[in-house]
Structures are given as structure tokens and as C-alpha cells.
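**Student:** In order, the protein sequences belong to chains A and B. Using the numbering used here, read the first sequence as starting at 1 and increasing by one per residue. Using the numbering used here, read the second sequence as starting at 1 and increasing by one per residue.
Please keep in mind that the hints were generated in silico from the structure rather than gathered at the bench. None of the values given here were measured: they were computed from a predicted structure. Don't be surprised by glycine CBs; every beta carbon is placed ideally from N, CA and C. Hints are not guaranteed to be accurate.
Claimed, not checked - When the alpha-carbon atoms are kept at most 25 angstroms apart in a straight line, the in silico BS3-like pairs for lysine-lysine are as follows:
# : chain 1 : residue 1 : chain 2 : residue 2
1 : A       : Lys71     : B       : Lys304
2 : B       : Lys544    : A       : Lys36
3 : A       : Lys165    : A       : Lys198
4 : A       : Lys100    : B       : Lys415
5 : B       : Lys544    : B       : Lys527
6 : A       : Lys100    : B       : Lys416
Claimed, not checked - Stretch-level coverage of chain A by chain B, calculated; a stretch enters the list once three of its residues show a Cβ under 8 angstroms from a Cβ in chain B:
# : region
7 : 30-36
8 : 39-45
9 : 209-218
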Amino acid sequence: MVMKYLISLLSVCLAVLPAGAQQGDCNCSSADAYQKSLQEGLIGVEYSNPVQGYEGEQYLRDWAYGEINLKNGEVISNIILRYDRYMDELLWLRTNDYRKGLLNKSEIAGFRIYKDGAYTEAIFVKKRIRLPYLDTAEVFVHELVQGKLELFAYRNVKVEPVEFKLFDYTKHVISTSENDYLIRLRRKSLLDLPFIDKTEMKKVLRQNRLAIRNNELGLAMAIRYYNQLNL
Amino acid sequence: MLLLTTVRSQGYRNDAASNELVHIHLDKQVYVAGEPIKYKAYLINTASPAMPPCSKILYFTLEGSGPDNSLSWRINLDNKSATGSFIIPENIRGGVYVLSAYTNWMRNSASEEYFSERILILNLASGIDPVMRIFNSQSFQSGNEMYANPGISLGIDLEKEEFAANEPVKLEIALKHSNQQVMGADLSISVTVETPFDTLLNPAYTREKLPVPAAGHNRYDPSQACRFRIEDMGYIFSGRIVSNPDMNLNRCDVWLAVNDSISPRILYSQVDSAGEFLFYLNRFYDNKELILQLADPSLSADCKLEVFLKNAVLRDTVTFPYALQSNEEEFLNNVQNIRLIEAIYGEAQPVIIQENHSRGSSFLNMPDRVVIPAEYAEMRNFREAASNIIPEVRFGTRRDEFYLEVLSPNTNSWKKNNTVLLNGVPFTDLAYISTLGTKEIQRIEVIQSNVLIGDRTMPGLVSIFTYDHRIPENYLKSHTVRFQNTVMESYQDIADVQQFSEKSIHYPDFRNSIYWDPFLSASTDRKLVVEFPALLLTGNFVIKVEGFTSDGYPVSASQSFKITEE
Numbered sequence: 001m002v003m004k005y006l007i008s009l010l011s012v013c014l015a016v017l018p019a020g021a022q023q024g025d026c027n028c029s030s031a032d033a034y035q036k037s038l039q040e041g042l043i044g045v046e047y048s049n050p051v052q053g054y055e056g057e058q059y060l061r062d063w064a065y066g067e068i069n070l071k072n073g074e075v076i077s078n079i080i081l082r083y084d085r086y087m088d089e090l091l092w093l094r095t096n097d098y099r100k101g102l103l104n105k106s107e108i109a110g111f112r113i114y115k116d117g118a119y120t121e122a123i124f125v126k127k128r129i130r131l132p133y134l135d136t137a138e139v140f141v142h143e144l145v146q147g148k149l150e151l152f153a154y155r156n157v158k159v160e161p162v163e164f165k166l167f168d169y170t171k172h173v174i175s176t177s178e179n180d181y182l183i184r185l186r187r188k189s190l191l192d193l194p195f196i197d198k199t200e201m202k203k204v205l206r207q208n209r210l211a212i213r214n215n216e217l218g219l220a221m222a223i224r225y226y227n228q229l230n231l
Numbered sequence: 001m002l003l004l005t006t007v008r009s010q011g012y013r014n015d016a017a018s019n020e021l022v023h024i025h026l027d028k029q030v031y032v033a034g035e036p037i038k039y040k041a042y043l044i045n046t047a048s049p050a051m052p053p054c055s056k057i058l059y060f061t062l063e064g065s066g067p068d069n070s071l072s073w074r075i076n077l078d079n080k081s082a083t084g085s086f087i088i089p090e091n092i093r094g095g096v097y098v099l100s101a102y103t104n105w106m107r108n109s110a111s112e113e114y115f116s117e118r119i120l121i122l123n124l125a126s127g128i129d130p131v132m133r134i135f136n137s138q139s140f141q142s143g144n145e146m147y148a149n150p151g152i153s154l155g156i157d158l159e160k161e162e163f164a165a166n167e168p169v170k171l172e173i174a175l176k177h178s179n180q181q182v183m184g185a186d187l188s189i190s191v192t193v194e195t196p197f198d199t200l201l202n203p204a205y206t207r208e209k210l211p212v213p214a215a216g217h218n219r220y221d222p223s224q225a226c227r228f229r230i231e232d233m234g235y236i237f238s239g240r241i242v243s244n245p246d247m248n249l250n251r252c253d254v255w256l257a258v259n260d261s262i263s264p265r266i267l268y269s270q271v272d273s274a275g276e277f278l279f280y281l282n283r284f285y286d287n288k289e290l291i292l293q294l295a296d297p298s299l300s301a302d303c304k305l306e307v308f309l310k311n312a313v314l315r316d317t318v319t320f321p322y323a324l325q326s327n328e329e330e331f332l333n334n335v336q337n338i339r340l341i342e343a344i345y346g347e348a349q350p351v352i353i354q355e356n357h358s359r360g361s362s363f364l365n366m367p368d369r370v371v372i373p374a375e376y377a378e379m380r381n382f383r384e385a386a387s388n389i390i391p392e393v394r395f396g397t398r399r400d401e402f403y404l405e406v407l408s409p410n411t412n413s414w415k416k417n418n419t420v421l422l423n424g425v426p427f428t429d430l431a432y433i434s435t436l437g438t439k440e441i442q443r444i445e446v447i448q449s450n451v452l453i454g455d456r457t458m459p460g461l462v463s464i465f466t467y468d469h470r471i472p473e474n475y476l477k478s479h480t481v482r483f484q485n486t487v488m489e490s491y492q493d494i495a496d497v498q499q500f501s502e503k504s505i506h507y508p509d510f511r512n513s514i515y516w517d518p519f520l521s522a523s524t525d526r527k528l529v530v531e532f533p534a535l536l537l538t539g540n541f542v543i544k545v546e547g548f549t550s551d552g553y554p555v556s557a558s559q560s561f562k563i564t565e566e
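The whole structure should be built from the sequences, with the hints applied where relevant.
**Tutor:** If you want it as C-alpha cells, here you go:
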């Protein structure tokens, strides 16, 4: 028991020591003050909801802490964010007066949203995907799988004509190093992709008992397992 | 033929507050105004010498005796070393100067921790004064001798002692480790004529001859240890608001802007309870004029902005007259003559303007409306332009005062906002704006919604970009504080400075600094061979090799040789 305690104490010390050694006795790193200055100096246009009163899931979850990766490499962390699915825009909550700001999308490379301020719940990156109505615009896509094949979800909602409703218009995109492919949540749609080895993918689906039909998680798991194969 | 070499190796002590060590290798010690000081700067984090340093910015101050006789500049550092040059202004006063180099973090330590070295600067216009003023200071670095690390040594192997003019000089540099461990070193080499001022420029001599008065305050105050932060996230640009004591400083927030013809890149900082403001600037702001002003212009009568400068201040200085010896005067006359010859025959240093690839963030959203006045009929002033081509903006006079209103899309009401962005800079002089017509204005952008800037809310925003990209000088003088954010070029490797190659035709060649290569890379498993021609100037020359091993330990060696007539 004592031995176990000593080993755990030693491992904690070893984990902590190198970080301390980096800065020496005097930890004068600017990281905190730098973050504070970025947070305090945020600029955006005040948000007004263009589909106020419409039924449907306009936002991706509630306000949550997150961080923004800017195109110039800077990261602004610990700010309260929300993703507007209808406008495909990132909102920021100014905490001193609870005004909602619309951040400049052209400066943002991506963002992540934390759950309970701890682990990452969602990572969004800005990406150009080919949809007829998007033309060449870049949109925020939810990153579901990273690797050789990447899976993204464009979590859009659209207005139902006349009925003041928003309907889910989520599109899934599989990206290879060369191209992006729209995919429906259907087994056939996955197997028909030109870069997928049908036999191997069928094996993955069968072995892991994965259903794809209207099952985003199943599709993500299938792509993740497929990426692990040495093909 | 192996000659005796002076070998010195150094190690670390860790009692400084900053844990950073700066070393500068200069190409020579005696300069003439107008010449570049070429240097290689090394920055080591003594807590973990093998790792890149935390600080990314290095400051230099060149200070001479007498009032207002100092120059400052800074460079960016991405790694442990960088090389660069600083052209000494033609109008500098001749005399002994102290070159100091330090990081912002090192400012927490006593200034004795800064790198400091004496150099002699001559001015062709003022000639040589036979009596020179030499000064000493408490701030002078006590030297690196204590950093002994006997395991590592550097040697210079020169094939002979004497060379004829124009004869090639070949030398070998050997890095040795007592444990036969394979390691590399980042080195620089300078070969200069031996000066009679070695003693005079040596800190030990002046310490002995010039006892400085006892310091009136503590050298290092541990309670202030983290007052100056590491500049690891960008250049820290800070200052404070000076106001009367009754003033609520929380209202005195500050804008920082740069003149920009593409998009406004304003930054905002709230002042703290002590009235201090702070900006972290990325490299986009390098070599730009920073324009600071109060976010609320009505407070400009009560609040004044003051920028904190980071110049090294030599303290407790003492100066004394020094009568030049005949050999010293002769040497200085020679240096001046060589400079005159160089000015005529020497190849001009190519000026390389490094492109600023860094992007600044413009958090202002895309405008709701962009108007190009040139696409419309000519309008003489902004009032005409606003009423005819920008329906979302109302501009005019009311009770003898100009006003500007933006139509809010949400409430469909007109909201007053007397601040516009003129060429990217917040601007409140609407009388001047009223004079701008379509001949002056290139582009007008309008954001109709409220703009949230930090904790402020602006009811809409109008950006005006003019053809001349200028802000009226009167406005800048009365409403703003300007700061020229000058950053000298620095280079990390030789590929960056191919244009500075010494191989260019250089005839007649009488340079007193005959060789300078800041990009040497040595290793313990092979000797480094360096070749350069002995020039027309005869006399004794000194080879100095300085640098740091890959483990972050300083090494240096020096060797003398003679050039005689052919």
C-alpha cells in the first residue's frame, strides 16, 4: 500500500517537474494576461435573430465555454459561445451585460465548445464544401472523425415555408486528401463511395454490428474503424 | 601549425530573477557613424538551456555619455539566436557607448544581468577630440567568466602566424567535449584589426579606474520579480492613464489603431485600477505607427495617455576625460580614413525590406453596405454624399454641431454615433469629415447594427477610406499618442541573408573588419574550416569565435595573427 502511494506520488512529481523547470523560479508567462487582453478586447456586431419565434433547433446546444482558433494562429479561450445553425455563425456572449455578439467569420479558422468547461464536446472547423446553394462560401462544419478519411457534419437548419418552422438540413461530408463527398446516412451511400473498399467496409460494419441508416454515430464509428485498417 | 589559442568556456548560475541570458557577438568594437553594427544575438533560458527561450523579443539600447544620447531598437527572436545589423545614425555624437541587450523578463532583474559591452563610435563630421569622455555605471554587466563549464571547449587552429596581404587565411575550429560526446554548436566569427583600446573598452579597467558611487537603491527587489512579463505571446505594449485623482479611471479605456487602407484593425484595452492598459501585439504591428487614443474622446481633457518605454537606463554613471595616446589617435584617424575610402569604393549594403507576412485580426464584421463614391456623380462634401448615395447614414449640422446617424435595422430608428473610422483609425472630428467629397473618398463602409467592442457598444459604424490614406496631423497631435513600433530585421539562417554575401567585388579592400560570418555550425565530430583573404590593410588582427552549444552552453575562443606587406 505504502509502495503504491510512493509510486503514485513520484509519478505526480515527475509529471509536474518539467513544467516548472520550463519557467524557472519565476513564472512570468504572459499566457493568462494575453488571454485576458484578447477576451476583453473582443469585437463583434450585436446579434439579432432573423428567425425569432420559429420552432425548431436553431442553435447547437446552449451557451457554453469554448475557444476560438483564429486564422492568424491566435487562440482565444474561455469565452461563452453558441453556434447559430440557421445563420452558420458563431455567437459570443458578453458577460458584463449579456449582449450577444456575432463574431467575424472570416477571421475564424475553427472553434471548440466544452461541456461543463472541461472536455471538448464539439470541434468545428471552417471548410469549403460543395453544396449547390453554398457556391464557394466557407461554412462551419462539425468534425466527427479525423484521420485518413475525415467525416464532417454541416449542421444547418432551413426555414419551412409558411409554417414558421426550422427543419434540420444536416449534411455529412467525407473528405479525402483530394476531394470531398456528400454522403447520406445510408449503408449504400457509404459503400458506393469510390475510395471505399466495399469488402473491407462490409467486414467493418458486420464485425462491429454498425447500422448506418439515420445513425450518425454508426457512420462515424464505421469511418473510424475503417481508418484503422492498413489499406 | 598549431598555435596556442585562448579558450574560455562558460556555464551557468541560476540566481537571477529572469533565468535568461543574452550574449551578443559584435563584428568589431570601433565604428564610424553611418556604419552598421553587425551582431549575432544569443538568448538562452538558463533554467533549461537546451530548450528555445521563452522570450521572443530582444531589446537593444546604445547609450553614450551626456543627455539624450541613447538609441534603442528591438528584434524578433524565433529561436536561440538571430543575426542582424543596426546602422549608426550619421549625426551621432562620437565617444564611448554602452550597448545593452535584454528581454522584457530580464527587466525584473538588476540591470547588471543585461548583456552590456562598450564600443567606440567616431563621427566623421566632428572629427576626433583628443580628450574623450569615458563613463562607467553600476549597471554594467559584471562579466560571464563565472559561467564555467569545463567539459566543453572551443579551439582555433590557424596554419601560421603571419600572412601576406591578399593571401588566403585558413583556420580550423574544433569543438571538444571531455566525454567525447557528439554535440553541435551555433557559432559566429569576427576577424578585426587589433585596436589599442582593448584596455579602455574592458569593463575591468573602468571598474578599477572609475569607482562608481554606491547604488542609492537595491539592485534587485524580489517583490518586483514578476513585474515585467515574458514576451512569449507577442510584443507587450503598455502604458497608463495620467489623470487627476478624483477621476474614475475605469471610464478611460483605450483604442489602439494603425492606419490601414484595407480593413480597420482596432484593438481595445480596458484600464485596470492603477490606470494601466496593455496590448499584446503580434508581428502584424511591427514597423507600423501605433495610434493610441481614449475610447471616450470627451475625457481627453482629463485623461492623458503615457506609453511605457523599455529602454535600458544605465544608473549611477560617472564620466571622466581620457586623453588619447598618440597610437590611439593614429588608429582612430586610420579608421576614419578607411571609412572614407569605403564610402567611395565599398559596395553599398543592399537594403532588404522584409515583407510583413503576419496577419492582423480584424474583428469588425463584413459591412452591411460598401459604397464607392467614384461610381456616382461628383459630390463636394460628405453631407451630399450621405444624403445621395448612403441612405443608411444621415449627416448634417444641428445647433451648430455636426452629427452623424446610422439607421438601425432592428428598430428602424436613427442612432447617433460621432465616431467614425477614418482609414482604420477612430476619428471624432466630424467637421473634417464634412469636407470630404467624392474626390477624396475612395470607399465608405457601413455597419448598421450595434458594434460591440470590448465592453463598449457603438450604435453602428461608418468607415471612410480616403485616396491619400492620411489622418489629419492636427487631429493626431491633439487627440492621440503615436508610437513608432520599429523592429529591426533579424535573420535566423544564412538563406535569409544571401544578398549580404561578402563575396562581392570589394576593391581596394582596406576594411578593418575583414571577416564576419554569423552562421557557423560546428560539431564535436568534425572540424570546421573557415577561409577568407587577408586584405590590403597590414597589422595585427584578432579572430573571435563565440557561440552556444546545442545544449545551450556558451563557448568562445580567440586567436591573433598578423598581416604583412606582400
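**Student:** Taking the hints in turn, state whether each one holds.
**Tutor:** Hint check results:
Annotation: proposed proximity of Lys71(A) to Lys304(B) is violated, straight-line Cα distance about 35 angstroms (limit 25 angstroms). A C-alpha spacing of about 46 angstroms is found between Lys544(B) and Lys36(A), which places the hinted pair above 25 angstroms, so the restraint is violated. At roughly 39 angstroms between alpha-carbon atoms, Lys165(A) and Lys198(A) are farther apart than 25 angstroms, so this suggested pair is violated. Our distance criterion of 25 angstroms between C-alpha atoms is met by Lys100(A) and Lys415(B), whose separation comes to about 19 angstroms.
In summary, the hint linking Lys544(B) to Lys527(B) is supported, as the alpha carbons are separated by about 16 angstroms, within the 25 angstroms threshold. Restraint check: the Cα-Cα separation between Lys100(A) and Lys416(B) comes to about 21 angstroms, which is no more than 25 angstroms; the hinted pair holds. Counting residues of the region 30-36 of chain A whose CB falls under 8 angstroms from any CB of chain B gives 4; the rule of at least 3 is met. Evaluation of the coverage hint for the region 39-45 of chain A: fulfilled, as 6 residues show C-beta separations to chain B shorter than 8 angstroms, against a requirement of three.
Taking a C-beta to C-beta cut-off of 8 angstroms, the region 209-218 of chain A contributes 0 residues in contact with chain B, too few for the three needed, and the coverage statement is violated.
Against the hints set out earlier in the document, violations occur for numbers 1, 2, 3, 9.
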